[in-house]
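Trainee: Starting from the known structure of chain A, fit chain B onto it as the hints suggest.
Listed in order, the protein sequences are those of chains A and B.
Under our numbering, the first sequence is numbered contiguously, ending at residue 149.
Under our numbering, the second sequence is numbered contiguously, ending at residue 1211.
In case anyone wonders, no lab produced these hints; they're calculated from the structure.
No residue lacks a Cβ here, since even glycine has one placed at the ideal position from N, Cα and C.
It cannot be assumed that every hint is accurate.
[Stated by the list, open to error] Below, a list of computed lysine-lysine pairs in the PhoX-like style, where the Cα atoms sit at most 20 Å apart:
#1 B:LYS1153 to A:LYS50
#2 B:LYS1153 to B:LYS1112
#3 B:LYS1112 to B:LYS1157
#4 B:LYS1112 to A:LYS50
#5 A:LYS50 to B:LYS1157
#6 B:LYS1063 to B:LYS1153
[Unchecked claim] With beta-carbon atoms standing in for the labels, derived distance ranges:
#7 B:ALA1035 to A:ARG78: 15 to 25 Å
#8 B:ASP1038 to A:THR42: 46 to 56 Å
#9 B:THR1187 to A:THR42: 17 to 27 Å
#10 B:ARG1100 to A:ARG78: 20 to 30 Å
#11 B:ALA1035 to A:ARG76: 34 to 44 Å
#12 A:GLN10 to B:LEU1081: 39 to 49 Å
#13 A:THR42 to B:TYR1208: 13 to 23 Å
#14 A:THR43 to B:GLY1036: 50 to 60 Å
#15 A:ALA46 to B:GLU1207: 14 to 24 Å
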Amino acid sequence: MNSKDCMTEQELTLHYYGELDASRSRHLADCQRCTEHLEALTTELAGLPKPDCTPDALAGVRMAARVTEQLTNRRRRRWLPALGAVAVATLALVITFSYNPQPEPVQVTLSSPAAATPMSLEEDMPDIDFLEDIELLKELDLLTQIEGV
Amino acid sequence: MPTATTAIVDSLPESGYSQTMTAADEQLLLERIRAGDDSGFEQLVREHTGKVIGLAWRLVGSKEEAEDLAQEAFLRLHRSLPGFRGDSRISTWLYRTTTRLAIDHLRRERIKRRLFFFRQDNDAPDPVELAGDSRLDPGREFQSQEAMRLLRKSLDKLSPRQQVIFNLRHYEGLPLKEIAAHLDLETGTVKTHLHRAVMQLRQDLAEYSEE
Chain A
1 MNSKDCMTEQ
11 ELTLHYYGEL
21 DASRSRHLAD
31 CQRCTEHLEA
41 LTTELAGLPK
51 PDCTPDALAG
61 VRMAARVTEQ
71 LTNRRRRRWL
81 PALGAVAVAT
91 LALVITFSYN
101 PQPEPVQVTL
111 SSPAAATPMS
121 LEEDMPDIDF
131 LEDIELLKEL
141 DLLTQIEGV
Chain B
1001 MPTATTAIVD
1011 SLPESGYSQT
1021 MTAADEQLLL
1031 ERIRAGDDSG
1041 FEQLVREHTG
1051 KVIGLAWRLV
1061 GSKEEAEDLA
1071 QEAFLRLHRS
1081 LPGFRGDSRI
1091 STWLYRTTTR
1101 LAIDHLRRER
1111 IKRRLFFFRQ
1121 DNDAPDPVEL
1131 AGDSRLDPGR
1141 EFQSQEAMRL
1151 LRKSLDKLSP
1161 RQQVIFNLRH
1171 YEGLPLKEIA
1181 AHLDLETGTV
1191 KTHLHRAVMQ
1201 LRQDLAEYSE
1211 E
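One chain only, chain A, in its complex shape (with noise of 0.2 Å):
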């Protein structure tokens, strides 16, 4: 066989795999050369390790976990800001609603008794740690007393 017409190694290549045209194929069968090639190439090709990649059974179950771990974060990560949002938002609403200074103490006048009437003596009722006090209340009991002379 006239060697101008012996296959390319790239032809040869292609054949062992499969991919070349039929009618080219056919050039081996007259062809020594072509194919001692073809048999070196064969028997290198073929003599490849073949890696074992194949994964144990668990894998799918882990992976799904994984997977459902990773588009949970991700969620998450998408409503932070808004939840930041909301968060500093509340905050600022129970600062402002729950401010409540502390009253300013009341100045205790006492008023005549007789002139005392339930509404009067209720507006005019101390606080009532005032009425506590048993030293004063000994002292307006005194006042009665006088007055009443």
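Mentor: Leaving out everything else, chain B in the frame of chain A:
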């Protein structure tokens, strides 16, 4: 109406990516997922994990990196599901995405090695991958591991695209037309890449055998 390309891509060979779920079951599952059923997506992941990790592992040579790539492929699938028309099977989509992610990964690793002078330790490949055949005696197991190491060393010399094309044709048995469709290349380009990969491998292995 599926195009000629999708028709070819959907007909995966026996040695390729087969699955137990029928097309009709898959459509029902997709509808469940679109309706917000997260357990449906988990089922999808479990169904396809073995094949996706296996493919990625073969393409990049590392189980851990393969799992990272598989995770990324599934996350991208989740993002794509709302617009997934169903012209092709999920397996086809995942196969294509995983292949492209593998090429990107190999490119990044190559750039890292060049920029930072990180030299991949070709003397310490993935120990799980090189676990070898436990049925072999220690001597033969060592030879098996050594052959794997040399193969890995030689594959790493190829360009990322050549590596992937060689792996897809030689180990996955994918026809060149389908490889071209997955990688958006002309079939002639894929043939050239395959030829160059084979030439490089043969040359390297001949040198190793002389040493």
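Trainee: Now look at each hint and say whether the structure bears it out.
Mentor: Each hint, compared with the structure:
| no. | hint | result |
| --- | --- | --- |
| 1 | B:LYS1153 to A:LYS50 | holds (14 Å) |
| 2 | B:LYS1153 to B:LYS1112 | holds (17 Å) |
| 3 | B:LYS1112 to B:LYS1157 | holds (15 Å) |
| 4 | B:LYS1112 to A:LYS50 | violated (27 Å) |
| 5 | A:LYS50 to B:LYS1157 | holds (18 Å) |
| 6 | B:LYS1063 to B:LYS1153 | holds (17 Å) |
| 7 | B:ALA1035 to A:ARG78: 15 to 25 Å | holds (20 Å) |
| 8 | B:ASP1038 to A:THR42: 46 to 56 Å | holds (50 Å) |
| 9 | B:THR1187 to A:THR42: 17 to 27 Å | holds (23 Å) |
| 10 | B:ARG1100 to A:ARG78: 20 to 30 Å | holds (26 Å) |
| 11 | B:ALA1035 to A:ARG76: 34 to 44 Å | violated (22 Å) |
| 12 | A:GLN10 to B:LEU1081: 39 to 49 Å | holds (41 Å) |
| 13 | A:THR42 to B:TYR1208: 13 to 23 Å | holds (19 Å) |
| 14 | A:THR43 to B:GLY1036: 50 to 60 Å | holds (56 Å) |
| 15 | A:ALA46 to B:GLU1207: 14 to 24 Å | holds (19 Å) |
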